[in-house]
Amino acid sequence: MTVTEASRDAAAEAAATATPSTPPTGLAAVVGSGDPRTIGKLFVGTSLLFLVASGVAGALVDFELADASGSEIFEPDTALRLFTLHSTAALFLGVLPLLIGLATAIVPLQVGAPTVAFPRASAAAFWVWLVSGGIVLASYAIDGGPWGTESDAVGLYILGLIAVSVALFVATASVVTTVLTLRAPGLTLRRAPLFSWSVLVGGTGWLLTLPVLAAMLLITYLDLRYGQQFLGGSGGVYNRIAWLFWQPTLYLVAVPALGIVADVVPVFAQRRHHKHGAAMVLLGLAAALGVGAWAQTGVTIDGGATVPWLNEGPWIAVSFLAIVPVLGLFGLWNLTLLKGKVKVGTPLILAQLGALAVLVGVAAGGATAIEDLDLDGTTWMTAQAVLVLAGALLAGLAGVAFWAPKLYGKLLPDAVVRLGATVLFLGAFVAAVPLAIAGTLGQVRLATADILGAEAGTIPGVSGGDVDTVEVLDLIAGIGLAVMVFGGVLVALALLKRRPGEGPGDDPWGGHTLEWATSSPPPIGHFAALPEITSEAPVYDARHAAAGTTEASA
Amino acid sequence: MATTATDLELFSQAPPAPPARPRVLLIGTAIGAGAAALVVLTLIAFYAGLRADVIASGEVWLPEGTNLQLTPGGMGMATLAISLVTVAWIVQALRNEDRGHALMASAVTLVLGAAYINVAAYGWQQIGLGITSSPQALLIYTITGLHVAMAGVGMLFIAVMAFKAVGGQLTGRAAEGMSAAALYWFVTVATYSVVWYTITISK
Numbered sequence: 143m144t145v146t147e148a149s150r151d152a153a154a155e156a157a158a159t160a161t162p163s164t165p166p167t168g169l170a171a172v173v174g175s176g177d178p179r180t181i182g183k184l185f186v187g188t189s190l191l192f193l194v195a196s197g198v199a200g201a202l203v204d205f206e207l208a209d210a211s212g213s214e215i216f217e218p219d220t221a222l223r224l225f226t227l228h229s230t231a232a233l234f235l236g237v238l239p240l241l242i243g244l245a246t247a248i249v250p251l252q253v254g255a256p257t258v259a260f261p262r263a264s265a266a267a268f269w270v271w272l273v274s275g276g277i278v279l280a281s282y283a284i285d286g287g288p289w290g291t292e293s294d295a296v297g298l299y300i301l302g303l304i305a306v307s308v309a310l311f312v313a314t315a316s317v318v319t320t321v322l323t324l325r326a327p328g329l330t331l332r333r334a335p336l337f338s339w340s341v342l343v344g345g346t347g348w349l350l351t352l353p354v355l356a357a358m359l360l361i362t363y364l365d366l367r368y369g370q371q372f373l374g375g376s377g378g379v380y381n382r383i384a385w386l387f388w389q390p391t392l393y394l395v396a397v398p399a400l401g402i403v404a405d406v407v408p409v410f411a412q413r414r415h416h417k418h419g420a421a422m423v424l425l426g427l428a429a430a431l432g433v434g435a436w437a438q439t440g441v442t443i444d445g446g447a448t449v450p451w452l453n454e455g456p457w458i459a460v461s462f463l464a465i466v467p468v469l470g471l472f473g474l475w476n477l478t479l480l481k482g483k484v485k486v487g488t489p490l491i492l493a494q495l496g497a498l499a500v501l502v503g504v505a506a507g508g509a510t511a512i513e514d515l516d517l518d519g520t521t522w523m524t525a526q527a528v529l530v531l532a533g534a535l536l537a538g539l540a541g542v543a544f545w546a547p548k549l550y551g552k553l554l555p556d557a558v559v560r561l562g563a564t565v566l567f568l569g570a571f572v573a574a575v576p577l578a579i580a581g582t583l584g585q586v587r588l589a590t591a592d593i594l595g596a597e598a599g600t601i602p603g604v605s606g607g608d609v610d611t612v613e614v615l616d617l618i619a620g621i622g623l624a625v626m627v628f629g630g631v632l633v634a635l636a637l638l639k640r641r642p643g644e645g646p647g648d649d650p651w652g653g654h655t656l657e658w659a660t661s662s663p664p665p666i667g668h669f670a671a672l673p674e675i676t677s678e679a680p681v682y683d684a685r686h687a688a689a690g691t692t693e694a695s696a
Numbered sequence: 002m003a004t005t006a007t008d009l010e011l012f013s014q015a016p017p018a019p020p021a022r023p024r025v026l027l028i029g030t031a032i033g034a035g036a037a038a039l040v041v042l043t044l045i046a047f048y049a050g051l052r053a054d055v056i057a058s059g060e061v062w063l064p065e066g067t068n069l070q071l072t073p074g075g076m077g078m079a080t081l082a083i084s085l086v087t088v089a090w091i092v093q094a095l096r097n098e099d100r101g102h103a104l105m106a107s108a109v110t111l112v113l114g115a116a117y118i119n120v121a122a123y124g125w126q127q128i129g130l131g132i133t134s135s136p137q138a139l140l141i142y143t144i145t146g147l148h149v150a151m152a153g154v155g156m157l158f159i160a161v162m163a164f165k166a167v168g169g170q171l172t173g174r175a176a177e178g179m180s181a182a183a184l185y186w187f188v189t190v191a192t193y194s195v196v197w198y199t200i201t202i203s204k
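In the order they appear, the protein sequences are chains A and B.
Going by the working numbering, the first sequence opens with residue 143, and the numbers climb by one from there.
Going by the working numbering, the second sequence opens with residue 2, and the numbers climb by one from there.
Mixed in with the good hints there might be a few duds.
Here are the simulated distance ranges between beta carbons [unchecked claim]:
1) A49/B with I512/A: 28 to 34 Å
2) A49/B with L463/A: 23 to 29 Å
3) S194/B with L463/A: 32 to 38 Å
4) S677/A with R24/B: 51 to 57 Å
A few chain A residues that don't get close to chain B, going by computed Cβ distances all over 10 Å [said to hold, decoys possible]:
5) I284
6) L324
7) F372
8) P456
9) V466
10) N476
11) R560
12) G607
Read the hints as simulated data drawn from the structure, not as lab findings.
Note that beta-carbon positions come from the ideal geometry of N, C-alpha and C, so glycine has one too.
Between the sequences and the hints, there should be enough to build the whole structure, so can you do that?
Below, the structure is given as structure tokens:
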């Protein structure tokens, strides 16, 4: 048992005896910690660093594409590998772990649990993720990664990514199990806070997805090691993982992000979430539609690629249906805000920006299912991924700002966070819109081998007359990604600062759910005692009961 | 454990809630076992898809010289099927606080698990394919190897829980650990039934 870990039994015992504990300090407090708050903070901080690396790689690639006359910065294969680094890091080392980290720290508080279900497994998951994420990035430095020329380094990339998948799976399983088993008495699933619910349904989607990814990576590794018989060697690696970067699997990342927005909006509207049950159904629908392991590129025995699902019934249905839950949630949030007494706060602004980016990204996905538009396989899909991931990131940052009192024991400085998030939001659209337009002009998604065979002065998929236009569009997209990096760095720097003035207090926003019923930061074990929970907003109810007010008069 | 002003103020009138009895290990094991099964089943789906394509093109799936015998696979399935009874016997014995029977059933289950691994290894010896000889061989070795690894983890799980039972930690209502191990084993056997049917029976 690590020194800062609160096991379920130990935490309950500590709560009963109210014995003060002496937390360790220094390196021991970080490396040896099984405290979900510490693990969550580690996930959030390191994922932001990985995101900066991802953004820099993406911007460099777009700048490279801005001149089709010849390789100005990199060789084509280097640009191709950099693009895979950009996308791999954005999803597996950036947005997804950020959301998992936030969930690790916040979900136990929301459901009234003393800790996560498997604190040691969560801690191990973080360290495995960190080391294997480093291995994935390091493999690129020694000619590894998809389309790498050094077979051993390509193998290292695959093994690193398998370890990343396993680590993210374990961390997700720990949080999902927490929601399923460690809820406070009376806190039925129907009354679960919407972020916790979104982690449960979205996390379940990831639990169904990550093992599939690990299996495909494993067979790819074995094929690479034993004769490269049918999966295309290093050139086939990206085909095995590319399905995670397009719909419907891409939408799974957005589910916990939407859950964050759903928890932030009612607090700043100062009323209950309108139709809490409907919001749960919509989040569940979003997660169900996002389970998309079926929509991956298949292979034939001689190494050919197959996509039998493309432009077929399920693909078209999911592409359009995915808009329904996001639009529905938007409607509920607007009603909540309209019926409430809105106080503007940084988390609300970030949450709205994030939700808007997700909505536009999901709507863009619907267009790819219109066969006549011929957008599949073009940079339109890249633009869609940029918007959905940026939206999820913004909503995740909204969560960081919202729960900063619980995570860091402080409020983040408003001005820097708002500026950084706005820059990030604008950068996402400056990056995505030109890529989408380039997609309509036929520019193929970069992660294909087409770029390797492109002649100087041509862009794969683009007719001769449009090459100059697409070059300019790629330049603007590169600038957009650079702007996103700048915004991300601003927000990351804000984590190191605190809002001037007094401490945050236990409940600076007037929160609704259980995390606001304990101190900021929470003690190990989280709660001394909890009563039977009777609604989805117990702190909101308790506050109004104490004040003798009703929702109508609140 | 520090109590805070906030929770005391907000909930001072409320009676304390009764303690819950979480089934954390069982749920966690269900998720882990499901993931292990999903890894194997993903490759089975991959295998079946490739095979269907090859057969649809009028070619033969298994390479010439392949000796994929029914007997080892069938024996493996029968062995694992019997182990379902013995693993249920362990759980029932622990619920009845009968440690003697629980240990005996654990030992029999572990022997059956070892017999399955033995028969799988025999099947690999007989198949007559090198792992680098064809995609079919690579897939067969990967899928069956992964399943043997899954069974090995299950045996380790049962062994650890059996040791805990020896120490008196798993009796009566506290037998959740062994129930979790049994659940994992059930999933392992169910997964093998798919592997067996897809690779050995339908070839």
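For each hint, the structure was consulted:
{"no.": "1", "hint": "A49/B with I512/A: 28 to 34 Å", "in the structure": "32 Å, holds"}
{"no.": "2", "hint": "A49/B with L463/A: 23 to 29 Å", "in the structure": "28 Å, holds"}
{"no.": "3", "hint": "S194/B with L463/A: 32 to 38 Å", "in the structure": "34 Å, holds"}
{"no.": "4", "hint": "S677/A with R24/B: 51 to 57 Å", "in the structure": "25 Å, violated"}
{"no.": "5", "hint": "I284", "in the structure": "25 Å, holds"}
{"no.": "6", "hint": "L324", "in the structure": "6 Å, violated"}
{"no.": "7", "hint": "F372", "in the structure": "4 Å, violated"}
{"no.": "8", "hint": "P456", "in the structure": "16 Å, holds"}
{"no.": "9", "hint": "V466", "in the structure": "27 Å, holds"}
{"no.": "10", "hint": "N476", "in the structure": "30 Å, holds"}
{"no.": "11", "hint": "R560", "in the structure": "27 Å, holds"}
{"no.": "12", "hint": "G607", "in the structure": "40 Å, holds"}
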